[in-house]
Amino acid sequence: EQRLRKSFVDSLRNDGMEKVGEWGLPEEKTKWEARIPSILRELDASNPDAVFLAIDDENVLPVLRAIKENGMDIPILGGAVLSKTSFPLLFEGLPREKQKPGYYTDGILAPAYF
10 EQRLRKSFVD SLRNDGMEKV GEWGLPEEKT KWEARIPSIL RELDASNPDA VFLAIDDENV
70 LPVLRAIKEN GMDIPILGGA VLSKTSFPLL FEGLPREKQK PGYYTDGILA PAYF
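For the sequence shown, position 110 (counting from the first letter as 1) is numbered 119 according to this note's numbering, and the numbering increases by one without interruption.
Please keep in mind that the hints were generated in silico from the structure rather than gathered at the bench. Treat the numbers as computed from the prediction; the structure is a model and nothing was measured. There could be a bad hint or two in this list.
Result set (DMTMM-like, lysine to aspartate or glutamate): computed pairs, CA atoms no more than 20 Å apart in a straight line [said to hold, decoys possible]:
| id | residue 1 | residue 2 |
| --- | --- | --- |
| 1 | 38 | 67 |
| 2 | 93 | 67 |
| 3 | 38 | 66 |
| 4 | 77 | 67 |
| 5 | 28 | 42 |
| 6 | 15 | 27 |
| 7 | 28 | 67 |
| 8 | 77 | 42 |
| 9 | 93 | 106 |
| 10 | 107 | 78 |
| 11 | 77 | 66 |
| 12 | 77 | 101 |
| 13 | 77 | 58 |
| 14 | 109 | 78 |
| 15 | 77 | 115 |
| 16 | 77 | 31 |
| 17 | 40 | 58 |
| 18 | 93 | 115 |
| 19 | 77 | 51 |
| 20 | 40 | 24 |
| 21 | 28 | 53 |
| 22 | 28 | 51 |
| 23 | 93 | 58 |
| 24 | 28 | 82 |
| 25 | 109 | 82 |
| 26 | 38 | 65 |
| 27 | 40 | 65 |
| 28 | 15 | 31 |
| 29 | 15 | 58 |
| 30 | 15 | 66 |
| 31 | 15 | 78 |
| 32 | 93 | 66 |
| 33 | 77 | 106 |
| 34 | 40 | 67 |
| 35 | 77 | 53 |
With the hints as extra help, turn the sequences into a complete structure.
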């Protein structure tokens, strides 16, 4: 994730774009429930044009779920792990995903392997 983050930040700088913030999750997953809402508040207050998730597919579920379920309408970018065919399966048991397949994953922009 660190290499992915650095690569993205370098690309922003090279293209003359501005990074408005950077947030991280605590190493202890038990602290995520408290941290994610504060990240979303800070993210919303920064009013970014897009959010880049430098996070692996095993840890993205609570973050992406919070973004979508809190009605944040913001373009989401991510690394290639978010384009894996197994990625949408992480959400298949969630009620909103059952009602509307793709609820959590539609619109995410990520590079894909060919």
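Hints, one by one, checked against the model:
For the proposed pair residue 38 and residue 67, the alpha carbon gap of about 12 Å is at most 20 Å, so the pair holds. With a C-alpha separation of about 12 Å, the suggested pairing of residue 93 with residue 67 holds against the 20 Å cut-off. Simply put, residue 38 and residue 66 have alpha-carbon atoms about 15 Å apart, close enough for the 20 Å limit, and the pair holds. This hinted pair checks out: residue 77 and residue 67 have alpha carbons roughly 17 Å apart, not beyond 20 Å.
At roughly 25 Å between alpha-carbon atoms, residue 28 and residue 42 are farther apart than 20 Å, so this suggested pair is violated. About 14 Å separates the Cα atoms of residue 15 and residue 27, which keeps this hinted pair within 20 Å; it holds. Under the criterion of a C-alpha separation no larger than 20 Å, the hint pairing residue 28 with residue 67 is inconsistent with the structure, at around 25 Å. For the hint linking residue 77 to residue 42, the alpha-carbon distance of about 15 Å falls within 20 Å, and the restraint holds.
The suggested pairing of residue 93 with residue 106 holds, with an alpha-carbon distance near 17 Å, which does not exceed 20 Å. Restraint check: the Cα-Cα separation between residue 107 and residue 78 comes to about 14 Å, which is no more than 20 Å; the hinted pair holds. Pair hint residue 77 plus residue 66 holds up; C-alpha atoms about 16 Å apart against a cutoff of 20 Å. For the hint linking residue 77 to residue 101, the alpha-carbon distance of about 15 Å falls within 20 Å, and the restraint holds.
The straight-line distance between the Cα atoms of residue 77 and residue 58 is roughly 16 Å, inside the 20 Å bound, and the hint therefore holds. At most 20 Å may separate the alpha-carbon atoms for a hinted pair to count; residue 109 and residue 78 meet this at roughly 13 Å. Between residue 77 and residue 115, the direct Cα distance comes to roughly 10 Å. Compliance with the 20 Å bound is thereby established for this hinted pair. Among the hinted pairs, residue 77 with residue 31 is consistent with the structure: their alpha-carbon atoms are about 19 Å apart, no more than 20 Å.
For a cut-off of 20 Å, the pair hint linking residue 40 to residue 58 is broken: about 28 Å separates their Cα positions. With a CA separation close to 13 Å, the supplied pair residue 93 and residue 115 stays within the 20 Å bound. Of the pairs offered as hints, the one joining residue 77 and residue 51 holds, with about 16 Å between alpha carbons and a cut-off of 20 Å not exceeded. Restraint check for residue 40 and residue 24: not satisfied, since their Cα atoms lie roughly 35 Å apart, outside the 20 Å limit.
For the hint pairing residue 28 with residue 53, the CA-to-CA distance comes to about 14 Å; that is within 20 Å, so the pair holds. Taken as a hint, the residue 28 and residue 51 pair is honoured in the structure, with Cα atoms around 14 Å apart against an allowance of 20 Å. Our distance criterion of 20 Å between C-alpha atoms is broken by residue 93 and residue 58, whose separation comes to about 25 Å. Restraint check: the Cα-Cα separation between residue 28 and residue 82 comes to about 18 Å, which is no more than 20 Å; the hinted pair holds.
At roughly 17 Å between alpha-carbon atoms, residue 109 and residue 82 fall within 20 Å of each other, so this suggested pair holds. The hinted pair formed by residue 38 and residue 65 meets the criterion: a straight-line CA distance of about 14 Å does not exceed 20 Å. At most 20 Å may separate the alpha-carbon atoms for a hinted pair to count; residue 40 and residue 65 meet this at roughly 18 Å. Restraint check: the Cα-Cα separation between residue 15 and residue 31 comes to about 12 Å, which is no more than 20 Å; the hinted pair holds.
For the suggested pair residue 15 and residue 58, the alpha carbons sit about 19 Å apart, so the restraint of at most 20 Å is met. A distance of roughly 18 Å separates the Cα atoms of residue 15 and residue 66; the hinted pair therefore holds under the 20 Å criterion. A C-alpha spacing of about 28 Å is found between residue 15 and residue 78, which places the hinted pair above 20 Å, so the restraint is violated. Under the criterion of a C-alpha separation no larger than 20 Å, the hint pairing residue 93 with residue 66 is consistent with the structure, at around 9 Å.
Among the hinted pairs, residue 77 with residue 106 is consistent with the structure: their alpha-carbon atoms are about 11 Å apart, no more than 20 Å. Straight-line distance between C-alpha atoms of residue 40 and residue 67 comes to about 16 Å, which keeps the hinted pair within the 20 Å bound. Distance check on the hinted pair: residue 77 and residue 53 sit about 13 Å apart at the alpha-carbon level, within 20 Å; holds.
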